[in-house]
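Chemist: Sequence:
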Amino acid sequence: MNVIKLYLFLFASLLGVGIASAQDRTLSGSVADEKGELLPGVSISVKGTTVGTNTNAEGRYTLRIPAGGKTLVVSFVGMQTKEIELGSQSTLDIVLQSDTKSLDEVVVIGYGSSKKSDLTGSVASIKSDQLTQIATPNVTQAIQGRVAGVDVTSNSGEPGGASRIRIRGVGTINNADPLYVVDGFQTADISFLAPGDISSMEILKDASATAIYGSRGANGVVLITTKRGKSGAARISFDGYAGVQQAWRTQKMLTASEYATLRLEAYQNDGTVLDPAGSQYKRLNAAIQSNAKGTDWQKEVMQTGAIQNYSLNILGGSENSRYSITGTYFSQDGIVKNSGMKKYFIRFNNDYTLTKWLTGGVSGAFSRTNKTYTNNDLYAGVLTTALRVDPLTPAWDAATNNWGRADISYENNPARAVSEMAGNKGYESLLNANAYAEASFLKHFKFRSQFGVNYKNLHNKQYLPKFFIDVVEQRANSQLTELRGEQTQWVASNYITYDNTFGKHHIGFMAGTEAQRVQYADFGVTAYDVPADADLRYISSSRATSYNVTSSQSDESILSFFGRANYSYRDKYMLTATLRQDGSSRFMKNNRWGTFPSFAAGWNITDEPFMANIRQLSNLKLRAGWGQVGNQNSAANYGYVTTLSGGNRYILGGQIVEGFAPTTASNPELKWETTTSSNIGIDAAFFNNALTLTADYFVKKTTDMIVRVPIPVFAGVGPPYVNAGSMKNNGIELAATYRNEVGGLTYEIGANFTKIKNEVTSLGGGSPIESADVSRVGNITRTSVGREIAYFYGLKTDGIFHNAAELEAHKNSSGAAIQPNAQVGDVKFVDLNGDGVIDDKDRTYLGSATPGFTYGFNTTLGYKNFDLKVFFQGAQGVELVNALDYFTKNAQGQWNSVADRMNRWTPTNTNTNEFRMTLKDANQNYRFSDRYVQDGSYLRLRNVTLGYTLPKALVQSWKMANLRAYVSVDNLLTFTKYKGLDPEVGEYGYNRSYNPLAVGVDVGTYPQPRTWRAGLTVNF
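Just so we're aligned: the sequence shown equals residues -22 to -1, 1 to 998 in mature numbering (1 follows the signal peptide of the UniProt record, and there is no 0).
Rather than coming from a laboratory, the hints here were simulated on the basis of the structure.
On a predicted model such as this, the values are computed, not experimentally measured, just so you know.
In this text, a Cβ means the ideal position worked out from N, Cα and C, and glycines have one as well.
Hints may be right or wrong, so weigh each one.
Using C-beta positions, here's what the derived DEER-type ranges look like [to be verified]:
hint	residue 1	residue 2	range
1	Y405	S91	34 to 44 Å
2	L553	A590	21 to 31 Å
3	D878	I266	12 to 22 Å
4	S296	V84	19 to 29 Å
5	I660	T491	34 to 44 Å
6	N973	Q531	18 to 28 Å
In silico DMTMM-like links for lysine to aspartate or glutamate, alpha-carbon gap of 25 Å or less [stated by the list, open to error]:
hint	residue 1	residue 2
7	K957	E892
8	K847	E12
9	K706	E748
10	K774	D818
11	K205	E15
12	K706	D155
13	K94	D585
14	K819	D809
Please model the complete structure; the sequences and the hints are all you need to start from.
Modeler: Pasting the structure below:
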């Protein structure tokens, strides 16, 4: 057999040499884009032969044209493929036209890929250049406003701040985060990725698309493909920018003289007489007499911060070995002092063609984050404190050579607090490794085996120094807290695919198995009396004899079997079915396994004969799908057993001792949350694909939602987790793009729109869930049947009592005053239940942070060497709780106030809605009410970028293929009626444990910065 192969090879070689010597010729030239920029790595081949080449780094080529070669085929990613009829010429310069829609022709789906025209599920694609348009290392922030049905809100604008991403609404009161799949590796954390690492991103939105991921697909799936190597000479690309960030808005607060005026007025209204010789009266009066401005605490804690990002990518290879290496450095100071971050990324992808039937590859990524943490959580955060502390207090008291003492407002000095944040250090190292092998056999079969590992190491360190300002504001002993944790995750996937076309039929199937495991452990120690010297800040340096120790650990695993079948007839009628079965360690054996099916169909209507004469219509496809997916993330790792916690105190033998106690009752019948969704969609294109439209309508129902139901108090443990709730989301999604060229001006306009209705349909007979407990305010949100999740719940008001007649008229049916402690100028609460008193029974729905609709639109213009990109993003019908307004108008705490308080009610200013000044507040004006719920709708100019590509003749003389300079601004304009620091308010929670039922509550959220930057993109 080997002798025959050798003979055939020698015969073919000799024949080829003979023909070439007689008739072959050489063709050379260059390939450029429509701007004249030469393109490296362009594929050029002679049609009908195996002869081909790639352009070199300068965009030039030389190609042997065999006898009979009549047509040249030229192709390049992102450009229209071009076929050129050959004559007898020996040189040929080629110009390719951009083809943005070609980037979307093939999209990644679960465990494979598909032509966009063959899709039956709801899948959205995002271009790689859109991910790098915003100055952020956070991939999820980069997609905000880009995709219909995907709502992204930043929980914090601080460097490295987390984002809240919801795909087609909130499907559970528990964990509603989507699943991320990076080059086939499933994970909940993609912080090891830089936006510049990504080649493409697909978002699977409906169950017919996500069911292939079973128990992890209920909240949507984000598929990410990183940059891969390509055959040809090494191509080097660099992108870097540097700039500054500032707060786009600050609060206008009372000056020292205004604060003193209102403070003395409050004493007067309450009948309190201050001693004119006392220090407090003297300070307040002196501020009034001198018209003092006082301390601007926002300036004391905020800054103009630097931001920079540098990314270098090298890719290339041969036909048998391709590589891509990317390194990124990101640095951001933050707009609050001592809140900066530095992050380092490195990633490589290697792909190999080992034989004609075997390919393989290895990938690796490492990221390192060094972060200085703010203490901006809840009511004690530095931004909140900066707005509350009185302006009479100096940041630094020169007389005492110490931090200023806030003995008027009795607040912590925020300048001292922000200086302490320099000791809040967080270090995170994340390593991701992935390897695969794929074998082709029996012509139409492929087998793929993939194994990936994700390792995360955390080290947080907080040092709080000893200090003394007065008996109220002091720390007797320094304190050092260290937390170390590590998480290891591995995923092993093996699956076989079959793909074949025979006649007018195309069939394909895929079947496989998968196993994954996640293990986590952490250990924390708090020590006291630790030296202030930075070189000695170690737990072992403590001079104390006792420590506080905490620890936790978890272990979970999933075993899965899955499959998918596809059928199409003449590429006109398409059917898809998937099935997955998952077994999870989070449930007992009798409920461990869940089965998740889906079905979908598509109809390319434009292929029908009756559509042939509609020339304006380029494409029209109808899609419909149904499926079920699970959500195991809503269940705790050990929710089916009774758990214990330490630190509980008992009295034994007359002495107090500490020990363990049960915390949550067990439920061995706990099982999956299940989401069933239906989707119908239309894809259309007009005018030779210049205009594309996509529309979807969906219904998503979650059943067996995990909730906690009440049990008798004498049980001695907390309520168990049970499958008793249900929730429904239904909505519409619209997306459109139009591209054209007029007189040398190319332009593209895109827009998307999403409207979703959320409704809780059952809590299993349990009581409504109240959450978002804010210090001094109480629970703010409520989740009950018939309403959307986590709506605001409080008292309604009807302005204030402007005069004595209004106060006198506010009586119940028996003639008694409804608010007996009210005075003229106080808040008028509404007695909703009509029982004649104002209490918790009068609380009601006040709005919610669930938007009425969200939208985004963008424009890209190109003229000669200039390009301009403009991107808007917004949300409408959003209410927010301005808890800062509550704090800053609360004179009971003797805090500073927003400048609007100068318009408070007085006997000479009765035509106002601002209640009177009082410290005693017998009417309880500050009870949570609709006064603190504000319209949070906004439209934000998210980004404007202006770029200029230098002429090719110039950059070629510098040995470059392309050089583009640009300037960019993020968050340039924000249009909103909201009065807080920023209308983009996500979830909040203590110590960054974000609560999904505490969304839209602004307790001093770190605002989104306005970023000005300039950058360069260079290709070699």
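Chemist: Does each hint hold? Answer for all of them.
Modeler: Hints versus structure:
Taking 34 to 44 Å as the suggested C-beta distance range, the pair Y405 and S91 conforms, at roughly 38 Å. In this structure the supplied range 21 to 31 Å holds for L553 paired with A590, their Cβ-Cβ distance being about 24 Å. At about 20 Å, the CB distance of D878 to I266 agrees with the hint of 12 to 22 Å. Between S296 and V84 the CB atoms are about 23 Å apart, so this pair conforms to the stated range of 19 to 29 Å.
In this structure, I660 and T491 meet the distance hint of 34 to 44 Å, their C-beta atoms being roughly 36 Å apart. Checked against the hint of 18 to 28 Å, the pair N973 and Q531 passes, with Cβ atoms roughly 23 Å apart. A threshold of 25 Å between alpha carbons decides the hint, and for K957 with E892 the separation of about 15 Å falls inside it, so the pair holds. Between the alpha carbons of K847 and E12 the distance comes to roughly 19 Å, so the proposed pair stays at or under 25 Å and holds.
Proximity of K706 to E748 is assessed by CA-CA distance (about 20 Å); at most 25 Å being required, the pair is judged to hold. Simply put, K774 and D818 have alpha-carbon atoms about 11 Å apart, close enough for the 25 Å limit, and the pair holds. With a C-alpha separation of about 22 Å, the suggested pair K205 and E15 falls inside the 25 Å cut-off, and the hint holds. Between K706 and D155 the alpha-carbon distance is near 17 Å, which keeps this suggested pair within the 25 Å criterion.
For the hint linking K94 to D585, the alpha-carbon distance of about 15 Å falls within 25 Å, and the restraint holds. Between K819 and D809, the direct Cα distance comes to roughly 9 Å. Compliance with the 25 Å bound is thereby established for this hinted pair.
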